[in-house]
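Chemist: Residue numbers (our numbering), protein chains in the order written: chain A, 1 to 162; chain B, 163 to 324; chain C, 325 to 486.
Since the hints were made in silico from the structure, they are not lab data. We treat Cβ as the ideally placed atom computed from N, Cα and C, and that holds for glycine.
Which residues of chain A face chain C? A partial, calculated answer using Cβ under 8 Å:
1) Gln27
2) Ala30
3) Gln34
4) Gln38
5) Arg93
6) Val97
7) Leu120
8) Thr122
9) Arg127
10) Pro128
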Amino acid sequence: MTPPASPTAPSFTGITAAPAPVPSQAQVYAEIQQFYAQQMYLLDEGATDKWALTFTPDAWLDLPMAPVALQGQDSVAGAARLRRDELDREDRRQRHVPCAVFVDPVDAGTVRARCQVLVLTTLRGGRPDIAFSMTCEDVLVRAADGAGWLVKDRLVVSDSSG
Amino acid sequence: MTPPASPTAPSFTGITAAPAPVPSQAQVYAEIQQFYAQQMYLLDEGATDKWALTFTPDAWLDLPMAPVALQGQDSVAGAARLRRDELDREDRRQRHVPCAVFVDPVDAGTVRARCQVLVLTTLRGGRPDIAFSMTCEDVLVRAADGAGWLVKDRLVVSDSSG
Amino acid sequence: MTPPASPTAPSFTGITAAPAPVPSQAQVYAEIQQFYAQQMYLLDEGATDKWALTFTPDAWLDLPMAPVALQGQDSVAGAARLRRDELDREDRRQRHVPCAVFVDPVDAGTVRARCQVLVLTTLRGGRPDIAFSMTCEDVLVRAADGAGWLVKDRLVVSDSSG
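When you get a sec, could you build the whole thing from the sequences and use the hints?
Modeler: This is the structure:
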């Protein structure tokens, strides 16, 4: 599939609806909430390779501090490792807390989703600080095995960017 | 309908249950969680008029800092605009983060709901501060088109009020 | 039933699946999210006895600051009362904000669940502080009346512990 022209305006050309029974809105919403929870736990526990597999192979990730958008599982894993090294040097634990999940279905296998993320860092023996408040603007697609969801396109907007 | 005698003790007289199939608990809970997420996103993005439409025309809003409870969409929009002007002068971005949603069904078209809201403000280029921790004690009613929920009565309690 | 050998590795021996229809994943997930919301509201409102009843009679609670794991409703209530006395002396309001709920079903009446909890304290007239960022690693069991869930085993891990 051709990569989207831009990480914020992906093309859905070629996506066909699954023939399976349509899951209820509640079912999809529960799945997406659990997806965000698990994805953030993987990242914060340093399971970087598993975390990268929550993105599609051709996924775009557009971060507020990065000069260009990243594409692909290796690139997003690389960014996560750089951040982890920085945290390790500072002896900080990081926590991405997903909140305020909103889901807008596109078709049986695709949703647009939004998630507010509070990023906390805690020094050993210290108190948590809120380092960032960010919004993930995502396009999520159902994984090929039907068992979960993957990020196809993520735009991260920081409240600090004004 | 006669307005409720008090914003914290609304009368349900005259509300009749919808004849439609009763949605599952999970369905209603997903709808209410999404309602809170969307309502807070609208407020924080400055879509004040759309945000005001998430209240019924006769809704009560009782805020911790206001001397009296507000009634009606114009009144609540006015309060939101005053707050927004204040934030703009301070060059701050505001974020209402809804958490810990609890829903207690009253009838097919009415729920009592509670939501913990963390209010963060972020200066451009700065770090987020938690300005308030508040609880919304709400009566929500299903919108006439059946597609969503509206606030009929909201009591906001701040943890700072002691 | 024999108490679990360790609070982090409970035995499921003797638990038999309920013969009732299996609730949907969305239904269970909604129930667990509401369970966490209600449990935290009870604790923060000082309804300590009701809060203790959200644990099974033989439940284990392993807290980061406690030298040993607590067992039973009286023990966990005692710990909550000690903390409440401390908060009252400091004129602080406490708020446990549950986020990022993840549920892994074990059988019809048992789930492993994880929940990120931000613990905020607010001085009267002051601003909220994040005192702790913690993760609850729980085994939850369906209550005998089928109406809700109970903590059978809770390990609380603080981000400050490094």
